[in-house]
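Undergrad: Those protein sequence lines, which keep their order, are chains A and F.
Letter 351 of the first sequence, counting from 1, is numbered 350 in numbering that gives the first Met the number 0, and no numbers are missing.
Letter 168 of the second sequence, counting from 1, is numbered 167 in numbering that gives the first Met the number 0, and no numbers are missing.
If you are wondering where the hints come from, they were derived from the structure by calculation, not from laboratory data.
Check each hint, because a few of them may be wrong.
[To be verified] Simulated restraints, written as ranges between beta carbons of each label pair:
| no. | chain 1 | residue 1 | chain 2 | residue 2 | range |
| --- | --- | --- | --- | --- | --- |
| 1 | F | 234 | A | 474 | 15 to 25 Å |
| 2 | A | 293 | F | 447 | 25 to 35 Å |
| 3 | A | 293 | F | 234 | 48 to 58 Å |
| 4 | A | 238 | F | 447 | 36 to 46 Å |
| 5 | A | 476 | F | 283 | 18 to 28 Å |
| 6 | A | 447 | F | 384 | 43 to 53 Å |
| 7 | A | 447 | F | 290 | 54 to 64 Å |
| 8 | F | 417 | A | 447 | 40 to 50 Å |
| 9 | F | 417 | A | 56 | 34 to 44 Å |
| 10 | F | 290 | A | 296 | 33 to 43 Å |
| 11 | A | 275 | F | 479 | 22 to 32 Å |
| 12 | F | 293 | A | 301 | 37 to 47 Å |
| 13 | A | 296 | F | 121 | 32 to 42 Å |
[Claimed, not checked] Straight-line C-alpha distance at most 30 Å; calculated DSBU-like pairs for lysine-lysine:
| no. | chain 1 | residue 1 | chain 2 | residue 2 |
| --- | --- | --- | --- | --- |
| 14 | F | 480 | A | 480 |
| 15 | F | 382 | F | 480 |
| 16 | A | 360 | F | 272 |
[Said to hold, decoys possible] Some, not all, of what chain A presents toward chain F, calculated at C-beta under 7 Å:
| no. | residue |
| --- | --- |
| 17 | 178 |
| 18 | 180 |
| 19 | 370 |
| 20 | 374 |
| 21 | 409 |
| 22 | 413 |
| 23 | 479 |
Just so you know, even glycine gets a beta-carbon here, dropped at the ideal spot from N, CA and C.
So you can see what is in the structure, the chains are spelled out below.
Protein chains: 2
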Amino acid sequence: MLNLKIITNFIGVVLILNGLFMMLGIPFSLYYGDNDIIVLLACGVGISLIGFILVLLTRKHEKEISKREGYIVVSVTWVIMALFGAIPFVVHGAIPSYTDAFFETMSGFTTTGASILNDIESLPHGLLFWRSMTQWLGGMGVIVLSIAILPMLGIGGMQLFVAEVPGPTKDKIHPRVRETAKRLWGIYVLFTIVEVFLLLLGGMNLFDSVNHALTTMATGGFSTKQSSIAAYDSPFIHYVMIVFMFIAGTNFTLHYHLLHRNFSAVKKNDEFKFYLKLIGTVVTIVIIGLLLADYAGIEKTFRDALFQVVSIITTTGYVTSDYELWGPFFQVLFFLLLFTGGSAGSTGGGIKMVRHYLLIKNSMMELKRLIHPRAVIPVRLNKSTVPSDIISNVLAFFLFYIFIFLLGTLIMSLIGMDFISALGASATSIGNVGPGIGTVGPTMNFANVPDIGKWILTFLMLLGRLELFTVLVIFSSAFWKK
Amino acid sequence: MLNLKIITNFIGVVLILNGLFMMLGIPFSLYYGDNDIIVLLACGVGISLIGFILVLLTRKHEKEISKREGYIVVSVTWVIMALFGAIPFVVHGAIPSYTDAFFETMSGFTTTGASILNDIESLPHGLLFWRSMTQWLGGMGVIVLSIAILPMLGIGGMQLFVAEVPGPTKDKIHPRVRETAKRLWGIYVLFTIVEVFLLLLGGMNLFDSVNHALTTMATGGFSTKQSSIAAYDSPFIHYVMIVFMFIAGTNFTLHYHLLHRNFSAVKKNDEFKFYLKLIGTVVTIVIIGLLLADYAGIEKTFRDALFQVVSIITTTGYVTSDYELWGPFFQVLFFLLLFTGGSAGSTGGGIKMVRHYLLIKNSMMELKRLIHPRAVIPVRLNKSTVPSDIISNVLAFFLFYIFIFLLGTLIMSLIGMDFISALGASATSIGNVGPGIGTVGPTMNFANVPDIGKWILTFLMLLGRLELFTVLVIFSSAFWKK
């Protein structure tokens, strides 16, 4: 039997946090004289109160949760956050439709960054801040999820990719989660603060600096500007964001090791090297292509290429230039980049660097095995042999990912989207990137997607963000059999 | 060291056959008074002569060939056939460009069916017959390849999927290939003859009946009409072709068992059941979609849906109706069908039914393994447990397939093709289907693809037809190391 009490207690805690963080933007609204103060206050207090009551009602519960409850708690957390987080947008009227508000909020908590807003600047500052905050909280959740929780649930090889932060025994969920959170959230907060200062230095105002720092570190990509980062023509700001997108797309345990001067852990990390090489290769290709097409001067070509490639690979989704106008080759290339994903243990979504690395290595090994059928040729990661069950889990992850993406594309085309836009909408949602291609391209948004399509895309965002299996397991019959 | 003598000897035999079969269309040209008789005679005799000389020069060679030589012989056979098979088209002038002629001939021998011809009816009958014959010979080659040769080379799980015809020991290549050829080619010839008679019965003339029977059984899809099978408005002809496309997409060892009244082998064959279910499901979806869109009357809707779905799933590529006009959903659906492929051991190309079946089964098992990490849950095929090395080979096949398809798409977009057409051209070539989507859709052709693109697509056809690994292995460094 599922322990509903402990699950409800957890939901209560989540709602309290949801309500409290919702009110953090109020000072900005006071400063700018916006009309969303009462709404944020009422919603924030109300939601916290509901959470508080739930916690009170279930305060006597067991300390440890089982694996099965773990799957449910994780999935439910994201859904509850989005369901309640959407409320102030609707109550205020800035986003009149609840479907739209839910889409925007789920896009926030999953750090996707896809938006239905057609005039972002018209929103009051408190709501805009809450919108950015959903991404930052989502990013915070993802770090703990991928580094402490998913490895214990055995999801998608995470146990191998990220279990590198020294901590207490793996069997107890609570202490380990608490330790990991303490260590890595400190780094997350630190980077966020540093980025705020650098953006201020680049001439961005305080409100925009804070918002963009929140959404960069989450690889979220929500901007306070309708035209995204193209609104700023400062190379300094662009470079700052490139650096922090890159940082946010890196495994946070590596940052932990770097801060503890443990450079060897970074040096021997195959995923990080792959991440660097991939960005380097793709940026070079894009620069050559743009120079041949006489796109702009050297510096701007370099900067736009680097910005867009890092933005998509890390699944951030900021835009400084509309790569869809660069020609069909770039449209295909950036479509493919929607499938790369950040590093495991980063805030980035998608398939993830380490999985691509292992898939490539394993495929090469398979060729060798054909020629030497009797040889035992293992796949190695960070100088250790990767167990075959991890390889097969990674392969299964990849297949489910492709299958769900294709199913999403098919459904989006069924509700009337053209082929290219359907591909883009599905890929960018499950990959938690933000912009797609076609009618949901980098300078467009999701406002015109039919409601049913918006609900399906939010489900894709959730699936992608929770590494598919966390959610899929709950839908399997084996999960409910005793 | 590679035994070049035995390889050259084999090429000689292939060239003799190439030349002899080339001349088989001459009676039709005589009957119709066409101007290609001298060309076919000269090319046929010349190519046979070259082959004869090669055989003479290398008549003293060892009897058995090694695995490594096997890979090379297989790949070289298809390339040599296409290189020489293209000659009469150029010499006659019906296809002035050698690139175009090579594309058409490789599309033939790989049973793809993609064409560069803009006015098929203007070709003399002897050349048209040779064009259809390339597909029939390719189909013949594929049956032996997939049922006798690839299993021995350990390619893509073929050892498990098709090694069901009783035969001599698996270690000796020659006797086994001879046995398999004798048994299965008889069936292939028989079905071809029966289809010719049925098409004659449906009112098709002798020349067209023979040509279409040749290209149906090969799941090739070359037609003697520019508008493909839409040129015939006879429901009887359409149904005959549906039946024979279905037969050609079925594992030929099942036909062997059926003809020997061994029904249990068919009943327990999971791939065949999957093939039936998939066709049934997709046809139902298409029929519902078309009825909702008020496409036509019940019978025509049923027939067009069944014809197009079977045509694409079996990788034949005949067209009776332009499914691209049916709307974006059908465009996505038919694009996805380019990846299904026929059954293993059939003349169909693509990923193949059995691989999809195993990938789906294995993914479901992986979900179960998450919930019960200690349970040993094997994947079963035809009531036997599938060894894990076969599963991992199938997974590697799938990854290479997707990777090469995406690389092909990227290259086609680089030479100026739009996104959708690039996807379609790459998918239909590696899948050996024929028609793609966009500018290479069912009512279009490949005439306007730049030359470099045509060469790349023929390479994709070859890769797909030889189950990727046969060719990829030759390009791996491990192959050339001793």
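Undergrad: Each hint should be assessed against the structure and marked as holding or not.
TA: Evaluated hints:
1. Between residue 234/F and residue 474/A the CB atoms are about 43 Å apart, so this pair departs from the stated range of 15 to 25 Å.
2. Our hint of 25 to 35 Å for residue 293/A and residue 447/F holds, since their Cβ atoms are close to 26 Å apart.
3. In this structure, residue 293/A and residue 234/F meet the distance hint of 48 to 58 Å, their C-beta atoms being roughly 57 Å apart.
4. Here the CB-CB span from residue 238/A to residue 447/F is close to 43 Å, well matched to the stated 36 to 46 Å.
5. With their beta carbons about 24 Å apart, residue 476/A and residue 283/F fall inside the hinted range of 18 to 28 Å.
6. The hint said 43 to 53 Å for the Cβ distance between residue 447/A and residue 384/F, and at roughly 51 Å that hint holds.
7. Judged by the Cβ atoms, the range 54 to 64 Å given for residue 447/A and residue 290/F is violated: they are separated by roughly 28 Å.
8. Against the hinted window of 40 to 50 Å, the Cβ-Cβ separation of residue 417/F and residue 447/A comes to about 22 Å, which falls outside the hint.
9. Taking 34 to 44 Å as the suggested C-beta distance range, the pair residue 417/F and residue 56/A does not conform, at roughly 59 Å.
10. For the hinted restraint 33 to 43 Å between residue 290/F and residue 296/A, the CB-CB distance of approximately 58 Å leaves it violated.
11. A hinted range of 22 to 32 Å holds for the C-beta pair residue 275/A and residue 479/F, which are about 31 Å apart.
12. For the pair residue 293/F and residue 301/A, the supplied restraint of 37 to 47 Å is violated, since their beta-carbon distance comes to about 55 Å.
13. At roughly 53 Å, the beta-carbon separation of residue 296/A and residue 121/F lies outside the given 32 to 42 Å, and the hint is violated.
14. Between the alpha carbons of residue 480/F and residue 480/A the distance comes to roughly 53 Å, so the proposed pair goes past 30 Å and is violated.
15. Proposed proximity of residue 382/F and residue 480/F is contradicted: the alpha carbons are some 40 Å apart, above 30 Å.
16. Distance restraint check for residue 360/A and residue 272/F: the Cα-Cα separation of roughly 34 Å exceeds the 30 Å cut-off, and the hinted pair is therefore not satisfied.
17. Annotation: interface hint on residue 178/A violated; nearest CB of chain F at approximately 24 Å, more than 7 Å.
18. Hint status for residue 180/A relative to chain F: violated, with the closest Cβ pair at about 24 Å, above 7 Å.
19. Because the beta carbon of residue 370/A sits about 5 Å from the nearest beta carbon in chain F, less than 7 Å, this interface hint is met.
20. This hint is violated: residue 374/A has a C-beta 10 Å from the nearest C-beta of chain F, more than the 7 Å allowed.
21. Among the interface hints, the one on residue 409/A holds; its C-beta lies about 5 Å from the nearest C-beta in chain F, closer than the 7 Å criterion.
22. Because the beta carbon of residue 413/A sits about 5 Å from the nearest beta carbon in chain F, less than 7 Å, this interface hint is met.
23. Of the supplied interface hints, the one on residue 479/A is violated, with its beta-carbon coming no nearer than about 10 Å to a beta-carbon of chain F, more than 7 Å.
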